[in-house]
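Protein chains in written order, with the numbering used here: chain A, 9 to 121; chain B, 16 to 307.
Simulated from the structure, these hints should not be mistaken for lab results.
Heads up, the beta-carbon is just placed ideally off N, CA and C, and yes, glycines get one too.
One should not assume that every hint holds.
[To be verified] What the simulated footprint calls covered on chain B by chain A, stretch by stretch (three residues with Cβ under 8 Å from a Cβ of chain A suffice, anywhere in the stretch; the number is not a length):
hint : segment
1    : 90–100
2    : 249–256
[As the list claims (entries may be wrong)] With the C-beta cut set under 10 Å, the calculated list includes, among others, these residues of chain B facing chain A:
hint : residue
3    : 71
4    : 78
5    : 80
6    : 81
7    : 84
8    : 86
9    : 116
10   : 157
11   : 159
12   : 230
13   : 233
14   : 237
15   : 240
16   : 241
17   : 242
18   : 259
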Amino acid sequence: MKPRFLKETDLDRMLARLLQVGTLTACAFVCAGVVMMLVASSGYGGPGTARYAQMTLSGSVALFIALPALRVVLMLAFFAGQRNYRYVMIAAIVLTILATGCVLELRVTSAAD
Amino acid sequence: MTALTALHFTFFLFSVGFVASAVGGMLGMASGLFIVPALTAFLHVDTHTAIGASIVSVIACSCGGAAAFLRGGLTNVRLAIVLETGTTLGALTGVLIAREIPVAVLDFLFAAVLLVSAWQMFIRREDAVGALPPASGERLAAALGLNSSYLDARLGRDVAYQVRRLPAGLSLMYLAGLVSALLGIGSGVLKIPAMDNALRLPIKVSTATSNFMIGVTAAASASAWFMRGEIVSAIAAPVALGSVVGAVLGARVLMRVSGERLRLLFLMVLVCVACQMVLQGFGLNAVALFSK
Chain A
9 MKPRFLKETD LDRMLARLLQ VGTLTACAFV CAGVVMMLVA SSGYGGPGTA
59 RYAQMTLSGS VALFIALPAL RVVLMLAFFA GQRNYRYVMI AAIVLTILAT
109 GCVLELRVTS AAD
Chain B
16 MTALTALHFT FFLFSVGFVA SAVGGMLGMA SGLFIVPALT AFLHVDTHTA
66 IGASIVSVIA CSCGGAAAFL RGGLTNVRLA IVLETGTTLG ALTGVLIARE
116 IPVAVLDFLF AAVLLVSAWQ MFIRREDAVG ALPPASGERL AAALGLNSSY
166 LDARLGRDVA YQVRRLPAGL SLMYLAGLVS ALLGIGSGVL KIPAMDNALR
216 LPIKVSTATS NFMIGVTAAA SASAWFMRGE IVSAIAAPVA LGSVVGAVLG
266 ARVLMRVSGE RLRLLFLMVL VCVACQMVLQ GFGLNAVALF SK
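If we strip away everything but chain B, and leave its shape as in the complex, we get (with noise of 0.2 Å):
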């Protein structure tokens, strides 16, 4: 490979971790959405390899971002532990099966995850906590010491909130850190649900906890493909710098533009990703049809 050409892949690849991440920072969601559609579908990666690299800059963006929300107090840290026994335990089962299951089927189920992605996104999040009564009978989360307080910045007061159902949420997200690894995404897609309606958490904790989580998630099955030797450090390595610095730069701009209109076109942006990746699964790529 030529300088020039090495140039080019290395900042495509970059480009594509910056891209995916700030308009991940931008929706507060994962990036991992959208650099695995993008790998494949325009710098023709192999799927496995796309994975590889999206589940490392899963990981950057979790612990570059997870600073923020660990100094304004926002991350439950004793219940995201509690939680990923859970999760790891699930990537762990996704990394003995991913070797029996084809590459046609990821795809289907990439494009199911990011269809409910859209529907959350369309539905919106409502915060869980409100007028609920205070929780009795939940020794569990009691016996364990999970019921905390943030300091809410809006509000200017500390805000109690109690955990619940902590069985009901260890199984979503055991079912998540499965997801997480057959796809190579942090599946907060799938956290998100289990810790608001669930565990009942404020809309804060649960992003801030989540965000925690995904690093330890997706360092459980990073691992094993690094060890299996099927991470390609030359495509992973920027893809995860791009990323870092999109994930920054998307939650300033988050702050900024949170309008109606960017939410239904990011909503219209995941219906078109999912059905990508139907057509990949059916072999097919859009990207080249369209550009024939």
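So that you can see chain A by itself, here it is in the shape it has in the complex (with noise of 0.2 Å):
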């Protein structure tokens, strides 16, 4: 398939299922890290489980927040097929700007430490 084919609708279809599915997962991990806390809790699991349960709920949410920057990386994955590069300049704007926060915040922490 030539990416330059693809219409914006596709973009928009693509966009609806990546997030949609992206946020169905992240619920199916808060589900999943809410069981393992209550297990973990009452004493049935085993010595790692209160460990798993918080890197399970730590995961759903770090899904959750990487999902908006993934669907900036397909738009502009979308607009560079179509050479549109006065929009993958823009995408790339925003995904410098998310990656500065990120870096920023590391920086930061380090330096407290």
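Assembling the complex is the task here: the two chains are given apart, and the hints tell you how they should meet.
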């Protein structure tokens, strides 16, 4: 399939699919994490259950946060396929700003440690 | 924590997300407006943790709701990505200055945003497009290919629209991003005037596009809070799940009940929540005062 033949409505469809699947996956992770947390606090689980519960919940939060960034990446790829370089640049600017926030925080946090 | 209290607490967190989001969905507004006040007033979660939880559920609602708008062809994704340069930059500024701002000031700012929302609900949104003459000299919007059309289900035909005053819209978006990062809300309350009044978009398009943008705006600050370790997953995750479920139900209910009385009720709720946030800014908790 040649990407430049994709239409703008195809982008809408792909974005809708990505966001829907991503949201459902993250929600499933939350449910799994909560169940593990309950098992851990009732004392039935093994010694690592509480830690796994914590990791699953953190994973779900991370997925929720990553989802919008992923859709900007998808848009960037779509516009690149269309050779619409003006919009490739705009999407790249948004991604750069998103990344800047993370990098600045990492620096500040490690400086404080 | 025993199993029962952990279950209770998680259930309460889920309910806060659910109710805030269902009410928000019925109002056609972002859920974030109610999550921070509910978490701080009822569950005594501290303000920064509440803001962290709220911003995650704002992302969840935006992503969960976006699919329907996208499939309906209402979202202007080009315009969204252009405006997101403004909102994310604002959010980044918010993240950088948040440390310097005392919690009490955040409470007062929150109250102010609630009151502006109440005011907007009071005067209602008008469709700004109507009888506008075709825009001339809007070269920026034309160069970026932002003008588009959407299929209006009620009229049964495509409605073309033009994007106006892009620089003014972008500046307002920067402010919206800033407030979103500081308060952990979607700040649709600031995006809507930008889209209705500055850019002059049809209401359906601005609602869909604003919802779509809220996710990226919120992600800009949420990722920074997450890196900083200020997002408590055990609190944020159940609230986010509750809000996704609540948003779906709220939107369904919105189709059926949309009465004048409901609007006035919500207006009063907004004013009451604003009062609570002002009291909280002064170090008082209205819920605790009344329950004594």
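Output the numbers, in ascending order, of every earlier hint that fails for this structure. 9, 10
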